[in-house]
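Engineer: First to last, the protein sequences are chains A and B. Using my numbering, you'd call the opening residue of the first sequence number 1 and step up by one each time. Using my numbering, you'd call the opening residue of the second sequence number 1 and step up by one each time.
Hints are not guaranteed to be accurate.
[Stated by the list, open to error] Computed far set for chain B versus chain A, every beta-carbon distance over 12 angstroms:
id	residue
1	A171
2	E212
3	G222
[What the hints assert, rightly or not] Computed list of lysine-lysine pairs in DSS-like fashion (alpha-carbon distance at most 30 angstroms, straight line):
id	chain 1	residue 1	chain 2	residue 2
4	A	K367	B	K144
5	A	K515	A	K367
6	A	K536	A	K367
7	A	K536	B	K52
8	A	K511	A	K489
9	A	K447	B	K28
10	A	K41	A	K367
11	A	K489	A	K367
12	A	K367	A	K447
13	A	K254	A	K41
14	B	K144	A	K254
15	A	K144	B	K144
16	B	K28	A	K529
17	A	K511	A	K254
18	A	K505	A	K242
19	A	K460	A	K449
20	A	K254	B	K28
21	A	K505	A	K367
22	A	K36	B	K144
23	B	K28	A	K449
24	A	K505	A	K449
25	A	K511	A	K144
26	A	K242	A	K367
27	A	K41	B	K52
28	A	K489	A	K529
29	A	K242	B	K144
30	A	K489	A	K507
Think of the hints as simulated: they come from the structure by calculation, not from any bench. Ideal placement from N, C-alpha and C gives every residue a C-beta, glycine not left out.
If you want the building blocks of each chain, they are given just below.
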Amino acid sequence: MSTNTSTDSRSRGKAPAGERVADWADGRLGIYSLAKANMRKIFPDHWSFMLGEICLYSFIIIILTGVYLTLFFHPSMNEVVYHGSYVPMQGQLMSEAYASTLDISFDVRGGLLIRQIHHWAAVIFLAGMFVHMMRVFFTGAFRKPREINWLFGFLLFVLGMFTGFTGYSLPDDLLSGTGVRFTQGAILSVPIVGTYISMFLFGGEFPGTDFVARFYSIHILLLPGIMLGLVVAHLILVFYHKHTQFAGAGRTNKNVVGMPLLPVYMAKAGGFFFLVFGFTALISGLVTINPIWNLGPYRPDWVSTGAQPDWYMGFAEGLVRAMPGWEINFWGHTLVLGVFIPLVLFGLFLAFIALYPFIESWITGDKREHHILDRPRNAPTRTGIGVAWVTAYLIMLIGGGNDIVATHFDLSINAVTWFVRIGFFVGPVVAFIITKRICLGLQRRDKEKVLHGRESGIIKRLPHGEFIEVHEPLSQEQMYTLTAHEQYKPVEIGPEVDENGVERKVKGSEKLRAKLSEAYYGEESQIPKPTVEEYKEITSGHGHH
Amino acid sequence: MSSQDIPEENLPAAQDTAHGALGVADEKNPFADPGLPPHEHRVQDIDERAAKRSERTVALLFTVSMLATIGFIASFVAIPIDKVVYVFPLGHIGALNLALGVTLGIALFTIGAGAVHWGRTLMSDEELTDERHPIEASPEVRTKVMDDFRQGAKESAIGRRKLIRNTMFGALTLVPLSGVVLLRDLGPLPEDKLRHTAWSRGKLLINQNTNEPMRPSDIITGSLTFAQPEGLDPHDHGFNNEIAKAALMIVRIQPDEIKDKRALEWSHEGILAYSKICTHVGCPISLYEQQTHHALCPCHQSTFDLSDGAKVIFGPAGHALPQLRIGVNDEGYLEALGDFDEPVGPAFWERG
Numbered sequence: 001m002s003t004n005t006s007t008d009s010r011s012r013g014k015a016p017a018g019e020r021v022a023d024w025a026d027g028r029l030g031i032y033s034l035a036k037a038n039m040r041k042i043f044p045d046h047w048s049f050m051l052g053e054i055c056l057y058s059f060i061i062i063i064l065t066g067v068y069l070t071l072f073f074h075p076s077m078n079e080v081v082y083h084g085s086y087v088p089m090q091g092q093l094m095s096e097a098y099a100s101t102l103d104i105s106f107d108v109r110g111g112l113l114i115r116q117i118h119h120w121a122a123v124i125f126l127a128g129m130f131v132h133m134m135r136v137f138f139t140g141a142f143r144k145p146r147e148i149n150w151l152f153g154f155l156l157f158v159l160g161m162f163t164g165f166t167g168y169s170l171p172d173d174l175l176s177g178t179g180v181r182f183t184q185g186a187i188l189s190v191p192i193v194g195t196y197i198s199m200f201l202f203g204g205e206f207p208g209t210d211f212v213a214r215f216y217s218i219h220i221l222l223l224p225g226i227m228l229g230l231v232v233a234h235l236i237l238v239f240y241h242k243h244t245q246f247a248g249a250g251r252t253n254k255n256v257v258g259m260p261l262l263p264v265y266m267a268k269a270g271g272f273f274f275l276v277f278g279f280t281a282l283i284s285g286l287v288t289i290n291p292i293w294n295l296g297p298y299r300p301d302w303v304s305t306g307a308q309p310d311w312y313m314g315f316a317e318g319l320v321r322a323m324p325g326w327e328i329n330f331w332g333h334t335l336v337l338g339v340f341i342p343l344v345l346f347g348l349f350l351a352f353i354a355l356y357p358f359i360e361s362w363i364t365g366d367k368r369e370h371h372i373l374d375r376p377r378n379a380p381t382r383t384g385i386g387v388a389w390v391t392a393y394l395i396m397l398i399g400g401g402n403d404i405v406a407t408h409f410d411l412s413i414n415a416v417t418w419f420v421r422i423g424f425f426v427g428p429v430v431a432f433i434i435t436k437r438i439c440l441g442l443q444r445r446d447k448e449k450v451l452h453g454r455e456s457g458i459i460k461r462l463p464h465g466e467f468i469e470v471h472e473p474l475s476q477e478q479m480y481t482l483t484a485h486e487q488y489k490p491v492e493i494g495p496e497v498d499e500n501g502v503e504r505k506v507k508g509s510e511k512l513r514a515k516l517s518e519a520y521y522g523e524e525s526q527i528p529k530p531t532v533e534e535y536k537e538i539t540s541g542h543g544h545h
Numbered sequence: 001m002s003s004q005d006i007p008e009e010n011l012p013a014a015q016d017t018a019h020g021a022l023g024v025a026d027e028k029n030p031f032a033d034p035g036l037p038p039h040e041h042r043v044q045d046i047d048e049r050a051a052k053r054s055e056r057t058v059a060l061l062f063t064v065s066m067l068a069t070i071g072f073i074a075s076f077v078a079i080p081i082d083k084v085v086y087v088f089p090l091g092h093i094g095a096l097n098l099a100l101g102v103t104l105g106i107a108l109f110t111i112g113a114g115a116v117h118w119g120r121t122l123m124s125d126e127e128l129t130d131e132r133h134p135i136e137a138s139p140e141v142r143t144k145v146m147d148d149f150r151q152g153a154k155e156s157a158i159g160r161r162k163l164i165r166n167t168m169f170g171a172l173t174l175v176p177l178s179g180v181v182l183l184r185d186l187g188p189l190p191e192d193k194l195r196h197t198a199w200s201r202g203k204l205l206i207n208q209n210t211n212e213p214m215r216p217s218d219i220i221t222g223s224l225t226f227a228q229p230e231g232l233d234p235h236d237h238g239f240n241n242e243i244a245k246a247a248l249m250i251v252r253i254q255p256d257e258i259k260d261k262r263a264l265e266w267s268h269e270g271i272l273a274y275s276k277i278c279t280h281v282g283c284p285i286s287l288y289e290q291q292t293h294h295a296l297c298p299c300h301q302s303t304f305d306l307s308d309g310a311k312v313i314f315g316p317a318g319h320a321l322p323q324l325r326i327g328v329n330d331e332g333y334l335e336a337l338g339d340f341d342e343p344v345g346p347a348f349w350e351r352g
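Only chain B is shown next, with the shape it has when bound in the complex (with noise of 0.2 angstroms):
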């Protein structure tokens, strides 16, 4: 609507056309269009001896396509689907995936190549002109279309009678809550499920690598194991949803360089236990550099100190890994002192 208000001059000036002089140069407008250039042939409109080779160049692209589809047919019967071979520069790799791609792709790829070598070298090249006509129709047809919506929208009386109009628009407007309902039980409500994880006082922390508990003496300064909480089996039902929070990070650092307070507190001897999961959006961090204690997460290059309550010092994590409590129990074992105090992974509205 805003166009209204455009005077024309903005325009840019239609352009100087010299319609229909083919070829013809105009003295006085040296930049008119001079129409179509003449068709100029190729060497297959005049030697019939070119022509045949181009018809025995595509004859023979569609013999060598059916060639590799006999290939194909072929290499899928007589090669095991496990036969490895060597191919320089490609390295080890499965012979049939090899023979079957290299015959599919040729197979296909010649018709291809015929088909247009055939469009190009034989079919006419002469080129024809089609009149355009404007996509807008013209203003009787646009005054009949109106008049006939009219004519219609007056006959429903949807104007006129009005409680008809303004329920049905009330129909159609509740009845897609229907399907916005159903929409429920795709799953349940957040509460505070993200709030929790598996682990709670008592808890002894799993080497996941030897699937046994541990004791302080098991973790030796400056490594990084992965634990889990105990009674956690890769087996059990919900396995992953529990994994995917209660996750742990377990480094021994030497008391005097733990900078954090809390963190030492939270501590046993110099072990600290952190979550794995990143703060950013959840990846498992697992790149760990023991001189520095930086932790990183491999997804985004987040990176904490873990010397330092596990604080962001790189990246695009939000805030610091949380860190569990945990002690040792009666026979010696690590043992968690609680849940994490704060929920694990990334960040979301309701976290506070």
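Just chain A, with the same shape it has in the complex (with noise of 0.2 angstroms):
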């Protein structure tokens, strides 16, 4: 009936085209109900939230360049003598992933092409991850209600490092097969099941004849399915939640300030879709990355200096590097310390990553929805703790390369390593003492030019000769978005007595939590903003600068 009762612009003829298809959809799939919600979706507007952007754009193009290079690539590690089209290769004895890398770099057109923007493209995946999720992390946006989606993308980060690692490793050249050694005996180095887990993974002894074809499978199928369902799952708990805001003028928890979906988002977000991919295509066909052709097939007796991992694993590299290299042999058993410390550290440090949020939150007992974010310097423990977790993995990149920097700016190679090893522990100590001393100094700057005004830049000579500047107050707008952040006060432990003389008593985590957030929130930790009755007296009476 409801055909009949239609308007007038309808029962003249019929939809056009475009409305006939939507309405088949619609009463199949209930498409109408969902673009109701989500066609005019706001997006709030920063240059920061186009990072993860960046990361879902590359995760897309390396699909795409990925599964045109399966149509090429033999996961086999058989033994083939080359005879490509490649001179200085021919005649040698190599595995067929090695032969058929060749052959997609220099007998397919265009196959070089894609190999390049694959291996870009997942370079610039991981380094836009961690940017996203330096972004997330020190504007806050990690707190409540998105706590989960942190980890989604934390777990996307780590499971990208490993896709990384597994696809570089599938060329075989002398480079991979190298890194490759080193992941086998750093998982030997694991108590009681390192030999068993070596074993299993390789299909006897290293190298074997089995691990290409098995980092395949896991470089193809098993993680990037994986990563698939977390990005899908990410973007829906992103739309979910709809996106956090930076405060200001009419911007609050309970609001989202922003451009809709159709069209500016649509012609940005997926003009940047266009960007980032042609970006990608550009350095690829400017820059070359990993030139196998250069490094000859893998033998286990053969290497070349100045062996890198992609940069995304240096750190675990320069953990690897740096630690001295301890063993303990007891009971006719062997703890091989220099190697396994450093495994274990790669994975705590990611994970104090992983767990911050709800660290955080046990901290502050906020259990209140945060869609406001902070700016970091309003919240300098926090700067600080991220500033010191970068330094750490910074200095640790710097010893993945040791050999690298040692060459390259003529240093000592123990002195670099040396370096690295105190840097570890001192790097980090340091940046969050400056971090934290320069957030409260931009504090006190916010501070000043709510209370005093903006610095104008204009010298005023008074009639009885004294000079002044003259100091512009704010609009009330600047005063808002400078005034909008909370502040939190240290959390108390409370009478050890109660009102009855009865004694409680006080947990040592209570304790914990109460020191911790005297140190996040306490009088050494952030300056109190202005108060109004602050900014009263000073513009009400005499405080003319």
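Make the complex out of the two chains shown on their own, each in a separate frame, by following the hints.
Structural biologist: Have a look at this one:
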């Protein structure tokens, strides 16, 4: 009956084809209810919100180019003699994996470009996730209700690392084979089960003839399958929670201000996909990445100098390089601490960042939803911890390339290694202290600006000869933005004896929490933001500067 | 749960907001939210000529993309795959890869640039507001869900018929074991595989460069030679597994400069044979400094003193390189006097 009561325009003729298709789909998929909620969904605008988009788009690029590469790559370690068109390798014995990678690079037109885009996009994907996570961390976007999405993102980062590792190991060239050997050596260090894991992973002793095929199914199916699921879940949650925004006039914890999905966000975000893809294609045409033809096929007794993993594995490499070679022998067993401790640290170091949202919410005890982002300066302790973490990461990255650093800057490799060993412990502490000081300084400056106005740069001479700088008062919008952040008070343990004189047992966790809370929100960790009273006192009287 | 004991006053006070009072300065609270500022028009919103210019820019970008795609196809067809060109500052590079990368890059990038420019200059830039709703369900919904769940659980009788519940959990716990068992044949058990190499008494040391056995006179002081056991051919199945353990470094040091007594005993006229596989994580050691007799692993910079039993003097390796006992056979060729007496390569739990 609904068709009979349709509007004039429809009764005169059939609806446009697009509408009819949409009607058809709606009758089966219910797309109109979906579109009603989402077609004009609002997305706030800030440059840092596009970092996640870079990750999503490079992930799509990796999948597209990866599917193409599977059409030509042979994941086999059968030894063959190379007869392709790359002259320096002709007649060489190599695995089929390496030979087919040479074929992709030299005999398939455009194959090299796709290989290069695939690898560049992977490097960008990991770098994008790293910076995107820093954005989320430093602005406190991980707070309730987004802790689970932080975990999804974290898992994507870790899985991305291992997908990248299994991927660059596939060509079975001399460099990647060395990386696999390194991994196998690290696995051997695991107490009790190390040798078993190694035998099972490699189908026997290293290198065996299985690992390329096994890494292949892990690289193209298992890990990307999980990651695709996580990406979808991540995006669903982004939609469901609605995007965070920075404080500003009209922007509250209860609304979201920005541009609608259709058309502005779609044009910008959709366009941005092409920008990322185009940029990746351009650098892939201009700058060679992983020239496996220069490296030669892998043989376990050959190696080249300056062996480096891709950058995202660099900090793990650094941990292994910097660690002293401790080995404990007892009762016929060996505890290979020199390799196993770095392996454990690698896990703990990442786990800390995964668990951070839960640690912070335990300290604050804050169970409210947060949709307004913190400016990093307004959370000095958190910002300090984040910078300390990044500092440790970067120092280990230097450690991972200690030979490159030594040769490029003409330094002693031993000195670089000792710098890394000491820097790993000292660097984060120094970074934490400096960062916190800078944050507090910026908070003071904000307070100053609100109370006294902006320095105008105009020097005025008063009739009696005094020189003053004219301060311009801020607009209400600016003042609101600079004072919108919340400031916690440190948690107190409370009286240990209640009103009836009964002693209350104070748990150790409570004391720890009070201490941490003091470190986060005590007098030394934040500058009280200006109050209306302070402002009025200064502006009403003689406070003209 | 620990949150229950947190007094409310430790949470920050709610922010004063004067909502809806658009742009009206608040006398009482100068820090109050003045609401969304009024929309400011762009030049394209008021000047049709500027809007036209934007339109032409966007169309130009899309046109460049079309041309670049044609260029991509033309390059694919016209440029031979092995053509190399010199391009400053990139050097000598493959012409096809360069042409395809640049044309594809431009074709994609200009679509993006066009779409973004369109979105920024011609689509409405008026900010809109959506309300947020709490993620948590209302108490009524919560109660309803809990009741439904209880009802469902009750109807299933899972709590009452414990026998069913327990056997079900038992079955579900056991059934994945089949999958675990199936993984058994991923590889053999370690047994003593890591303890043995292809070396044995009487096996000749073969120079990897010449593929010939060596006489002591072939090895001059200060040189570094790589060797493998006789009968190992790169074309053989399993060669890689064997060479991964059996690879040797041969150096010659004046006997009076060899500090380690056992190393001297196991050498032949100052010729020392050490495992080439680093005891850290298994890279082949390949850098030798003849003055100091230091060998350096290029992967993680473990440094071994070959004149002192290949002890670790720097870096992350945990123990010295195993030494192979060598001698000379009746024909005057260097031979092994047995296998290594300890496992080569990285340390592991059962190594002892």
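Engineer: Which hints, by number, does the structure contradict?
Structural biologist: Of the numbered hints given earlier, those the structure breaks are 6, 7, 17, 18 and 24, listed in rising order.
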